[in-house]
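Undergrad: When the letters of the sequence shown are read in order and numbered with mature numbering (1 follows the signal peptide of the UniProt record, and there is no 0), they come out as residues -23 to -1, 1 to 270.
The set of hints was computed from the structure by calculation and includes no laboratory data.
Please read all numbers here as calculations on a predicted model, not as lab measurements.
Glycine included, C-beta positions come from ideal geometry on N, C-alpha and C.
Treat each hint with caution, since some may be false.
As the list claims (entries may be wrong) - EDC-like cross-link-like pairs, simulated, lysine to aspartate or glutamate; straight-line CA separation at most 16 Å:
#: 1; residue 1: 42; residue 2: 55
#: 2; residue 1: 127; residue 2: 167
#: 3; residue 1: 257; residue 2: 28
#: 4; residue 1: 36; residue 2: 253
#: 5; residue 1: 220; residue 2: 253
#: 6; residue 1: 36; residue 2: 259
#: 7; residue 1: 257; residue 2: 35
#: 8; residue 1: 257; residue 2: 26
#: 9; residue 1: 153; residue 2: 224
#: 10; residue 1: 153; residue 2: 169
#: 11; residue 1: 220; residue 2: 35
#: 12; residue 1: 153; residue 2: 193
#: 13; residue 1: 127; residue 2: 170
#: 14; residue 1: 257; residue 2: 40
#: 15; residue 1: 42; residue 2: 259
#: 16; residue 1: 220; residue 2: 181
#: 17; residue 1: 257; residue 2: 224
#: 18; residue 1: 36; residue 2: 104
#: 19; residue 1: 36; residue 2: 193
#: 20; residue 1: 127; residue 2: 169
To be verified - For each label pair, taking beta carbons as the anchor points, the in silico distance ranges come out as:
#: 21; residue 1: 196; residue 2: 244; range: 17 to 23 Å
#: 22; residue 1: 228; residue 2: 169; range: 33 to 39 Å
#: 23; residue 1: 78; residue 2: 242; range: 36 to 42 Å
#: 24; residue 1: 209; residue 2: 239; range: 37 to 43 Å
#: 25; residue 1: 112; residue 2: 206; range: 38 to 44 Å
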Amino acid sequence: MHFRNKNALLLMLGGLLAQHSHAIDVNAGDYTALPSGTNVGVFYYQHGEMDGYYQKGDKARAESKSDIGIARFIHYTDIAGLRATPQVVIPFGSVRNTQIGDAHLNNASGFADPIIASAFWFINQPEQGVSGRYLAVTPFIYLPLGQYDKNDAVNLGENRFKYDLQLAWVQPLYGKLGFEFYQDAIWYGDNDEAGSGNQTLSQDTSYQTQVNLRYDLNAKQRIALGYAANYGGDQSLDGIQLKQNMEKQQARVEFQQMINSKTQLSAQLVSDTQVESGFKKDLGLNFRLFYIF
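All chains, please: the whole structure from these sequences, using the hints.
TA: Shown next, in the form of structure tokens:
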């Protein structure tokens, strides 16, 4: 596959960070409802190495590396009789050494688009099994305040509003086994500084499905096997369809360890198993520090 100019690359990329993260990824136990009045600080570190850029299933020689940090602040409270978690999510980091074919793209560093959100629990039964039984929804709003330069192919910000509605269902199975199901629908505003810098990028609604099969070894340790699939999200530039299939599938394995009664560490290994368009993440390492205060 050959790329003749920067504009062709811009058309294909359509926002590099969107290729890396379509929706809010979850860790096992994320929807355990803590008592009202609890405050939580979460820090994420994500290292990714991408090998190969795909368009309609065809692979081009490409690579990219990223190191992303995320600071998340959560407050548990009750709103209208429902447990709720008003929160703010602040992503930052760097994407570097990005190359597609013979084209070397710019490095990007700084803050990505911050997110405001709150989960609402309609079923809150922590006494059910080891995992508890929960049904919750979380609306996320992405604010277009992150680093973005219309002259760059690689940006951390997307220069557009995004709205993600996430449904979560946690169900105990047998003994220490539990099942977690998450479904996202993501709506996109327009980026009016895309392509050449003076074009409008529009995107259809995209979807993400995530599942975890978790096993609580004991009160302090947990392992989980996960799977995620992204689909939908067709893009157009000034009304011209880019004809990129956003389908992606990913396998995950996670280990969690309570350090003390207030602190948990998580380590997750991820790998893309199928990518129709965009970078393929052969290896991703995600770490999370969860602290209750």
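Undergrad: Is residue 153 close enough to residue 169, meaning Cα to Cα at most 16 Å?
TA: violated, 50 Å
Undergrad: Are residue 36 and residue 193 close enough, with their CA atoms no more than 16 Å apart?
TA: Between residue 36 and residue 193 the Cα gap is close to 39 Å, so the pair fails against 16 Å, i.e. violated.
Undergrad: Need the status of pair residue 127, residue 170: alpha-carbon distance at most 16 Å?
TA: Within the cut-off at roughly 6 Å; holds.
Undergrad: Does residue 257 pair with residue 28 here, judged by a C-alpha cut-off of 16 Å?
TA: Holds, at about 6 Å.
Undergrad: Under the criterion that the straight-line Cα-Cα distance not exceed 16 Å, is the pair residue 153, residue 193 satisfied?
TA: holds, 5 Å
Undergrad: Does residue 35 lie within 16 Å of residue 220 when you go C-alpha to C-alpha?
TA: The hint holds at about 13 Å.
Undergrad: Holds or violated: are the alpha carbons of residue 153 and residue 224 at most 16 Å from each other?
TA: violated, 33 Å
Undergrad: Just to be sure I understand the hint, the distance between the Cβ atoms of residue 209 and residue 239 should be within 37 to 43 Å; is that true here?
TA: holds, 39 Å
Undergrad: Keeping to a limit of 16 Å between CA atoms, is the pair of residue 36 and residue 104 held or broken?
TA: Answer violated: residue 36 to residue 104 is near 49 Å, above 16 Å.
Undergrad: For the pair supplied as a hint, residue 127 and residue 167, is the alpha-carbon distance within the 16 Å limit?
TA: holds, 14 Å
Undergrad: If you draw a straight line from the CA of residue 36 to the CA of residue 259, is it 16 Å or shorter?
TA: holds, 13 Å
Undergrad: Keeping to a limit of 16 Å between CA atoms, is the pair of residue 42 and residue 259 held or broken?
TA: holds, 11 Å
Taken one by one, the earlier hints fail for this structure at numbers 1, 9, 10, 18, 19, 25, listed in ascending order.
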